[in-house]
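Taken in order, these protein sequences are the chains called C and S. The numbers in the numbering used here rise by one with no breaks, and the one at position 362 of the first sequence is 362. The numbers in the numbering used here rise by one with no breaks, and the one at position 40 of the second sequence is 40.
FYI, nobody ran anything at the bench for these hints, they're computed from the structure. Careful, some of the hints might be misleading.
[Stated by the list, open to error] The following label-pair restraints were derived from C-beta to C-beta distances: (1) C/P3 x S/P128: 32 to 38 Å; (2) S/A36 x C/R116: 18 to 24 Å; (3) C/L415 x S/P128: 33 to 39 Å; (4) S/N123 x C/V491: 27 to 33 Å.
[What the hints assert, rightly or not] A few chain S positions that, by computed beta-carbon distances, are all more than 10 Å from chain C: (5) T45; (6) K47; (7) P160.
By construction, the Cβ of each residue, glycine as well, lies at the ideal position given by its N, Cα and C atoms.
Here's the letter readout for the chains.
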Amino acid sequence: MTPLKTAGKPTPRIDAIKRVTGAATYTADITAPGMLYARVLRSPYPHARIRKIDVSKAQALPGVKTILTYENCDIQWSTGDTRNKRLLFNNPARYAGDAVAAVAAVNRHVAEEAIRLIDVDYEQLPFVLEPEEALKDGAPEIQPGGNLSPNGRGQHEPDKYSRGNIADGFSAADHVLEDSYTTPHINNAQMEIRASMAEWQGDKLIVHASTQGIANCRTDIAKDMKIPPEKVEVICLYMGGGFGNKNQCHDFDLMAAELSRRAGAPVRVEFTRKEDYISVHGRWPTKQTYKIGVKNDGTLTAIQMTAFSGMGPYRKGQGDISGIEVYQCPNVERTTSMIYTNMAVSANFRAPAYPQGVFAIESLMDDAAHKLNMDPLEFRLKNFSRKFQDRTAYSSSGLEDCLRKGAEKFGWRALWRPAGSDSGVMRRGVGMGMGMFPSSLGRSAAIIQVDSKGIYHLHVGVTDCGTGAKTTMGLIAAEALGVPLDRVDVVWGDTDICPYSVGESGSRTTVQTGTAVIEAAKDIQKQIAEKGLPSGSDLLTASADTSPALRDFARYSFTAHFAEVEVDTETGHIRVTKYVAAHDSGRVVNPLTAESQVKGGATTGIGMALHEQLLYDKRTGLPLSAGYYHARVMTHLDAPEIEVLWVESEDAYGPFGAKTLGEPTIIPSVAAVANAFFNATGKRVRDLPITRDKVLRVLSEGALA
Amino acid sequence: MEGTGAGIVAAKVVPALKGQTAKQAKAPEAPLAGPALDPSVPHSTIKLTINGQEHRVEVEDRWTLVELLRDHLKLTGTKIGCDRGECGACTVLVNGESAYSCSQLAVWMDGKTVTTVEGLARNGKLDPLQEAFIEHDGPQCGYCTSGQLMSAKALLLKNPHPNRDEVRAGMTGNICRCSNYNHYVEAVLAASGTLAADARRRA
Ligand code: FES
Ligand code: FES
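Chain C with its partners taken away, still in its complex shape (with noise of 0.2 Å):
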């Protein structure tokens, strides 16, 4: 790989001062004069009509200035359902938080004392929380035409994939092996608290929203307020996490703003925390069940999946499953299906698809090897994915790579044992996982000006979730251009002086926002050596808009982890003790960033396999366990330290050959960690978390793997 000068080497963040002096604006700290602070009342119940709502009490209170119920607001939340007209208020409402009404008033006791004097007469409805469930006979209809949420042609029908014949594949078998697993909801719980403040000038919607992509949020809230997109600037400066919970506009911004309008004041929305866990989004709950055939050197001759994902009642996210396609294998059949219920609404969170089925596929793949004898390790080097979907070749693949040397360094051959070999009260074990993320290139934009002094304003449409990308946008550009990173100043996070820029999701401002920056580079080097710099206080200008694609490969980043856990048999808690990370994104632009995303990535996935539930109480059909506290999120004594390996493949797309990062550190991690229980114990446990009480029932009842 050629050396780089600029890029390539570990580089703070060019805002980290600011991040640690607590100089940031966060969204919630923007405020303006005469701002107004709102509330929201949500639904108690999971399922129910409203028969009469009666905001007079509320009204009458000193200093509330505008109420908005569905009775007077019809505002239509386009993102928030693709499927579905989804309103900000909906009657019925569909899940227990569902918002019902939204208050602004002077300040946030009188906001929230006015939420509590709203009387609304509920007449509850039947409800379901198992997307099984919804779909049997008489169950309660959550949206027309049925629990089971139609694909994009509005066919009512489970999303399939297959190739090869799956009944061959199992022919061909010598083993066959069957199992089901169950995923939670989990919440992505970024840190910042939910706001959004908008305020009007003459017809211009300003919206200070807390976005992962304010191109496309503006372009959303245009359409939902029925508004042109130029009338509207979306700014966001800082951003204290998403991993996929604002990706789109959000309710909130809509609310603020037609609060705003009606106030006739600026208005800032807040959530609290709990209305965050249960009132945005949180990953998809899973049911999948797999049957794989193998010969037995380990061949696989056939994989069959069938899967339910549950959406919540709207249908904001996709609900599909990957991790399969990790797996080379001529037979392959999916069949998933997205199923409306009355539970907490689900969609994007840190490589959507992923971590779960990933879960469940190298659950099973590991008991294969189980049954075979054979070491995890050689089983994932003689099956893993060559080519993608057994078809099109990688534009580069380092998954080879990332299982031989993060094996190595993880010490695989001297501690891996096979599983149930340790005995006594502490147990250990050792477990691995592997995935793959699309890396693909796409839209985007950027533009840099030059001024007389040779400085370089790079504008690009980004916010920096806490990726760096604004750190790493810089890198490029000074890269690109030869100079050092100090010439250029990063523009960023306002919609009315940043061009378009795919949003920071899907892992993709390195590699598509960064190509737009090597474009405008090369561009403002051309006029350069054409005109020279400009004079007193001219600036050249050039735009690149590129959309480049990628004929003939798949594009991906791949990823294996190693964990080594110990088991108290005792209490049932379990310790991650070692790990290690191994990745393949490309070329590394800030290896600083990157590595705090991989340890970041791998915690979350560690706390996904050992904590995290959003649980439900089966009854009434109320959340439970929203919240820091209750969902058990990763803390600092429960974070083990991560090693992190980069396999740095050559590829001749992206900015350097820089493949795609954020989502992929979570993928492989959550298996990692219930294989390596597995390994330790002997015992399987199907279905997330790995919670106490689990451990101690399958250590207790002897259900073998």
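Given chain C, work out where chain S with the ligands should sit, using these hints.
Same frame as chain C, now just chain S with the ligands:
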């Protein structure tokens, strides 16, 4: 359901507090930013020191400390992540000890000394913790960072040379959902001069 009206808890304890702090009658110094104080709500005048500066302010008895800092004193470096004592984003120092400012009423601060993230740097020079946070890439999104810094500061004031486990235990009340725990711990060890010793011990 709970979650439809945060802050109500704070409002309920107001009457009991009123008498305790209403003694100082002198007018407060400067008008506060943010929503105006509602005179119909019990309120008190308090004197406190924030980041080395003395303040005499009139506060509603239901205001939390983080509300006073963020809404009324424009010290927005202190963040709210949960507003109910679960995440640590709002951590500040009160008389040198770490405290969740969302779970302290402003009136309780009468006579106390509060340090926020804005008070860490001295005379334009970053605190060693801030330097180490940058170098070790502690902040990803940065939203938990002020709280992590203040928690680390409180720890180092008590225990200037903690080992790795002491750092993790001392900061476990500070959640980072970007989950950059490894880097935060390393940064604290580096700032306290114990990173090298830690590396030797583990080698
Ligand atoms: S905001 Fe105070 S602990 Fe979370
Ligand atoms: S850096 Fe994002 S929550 Fe800690």
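Violated constraints from the hint list, given by number and in increasing order: No hint contradicted; all consistent.
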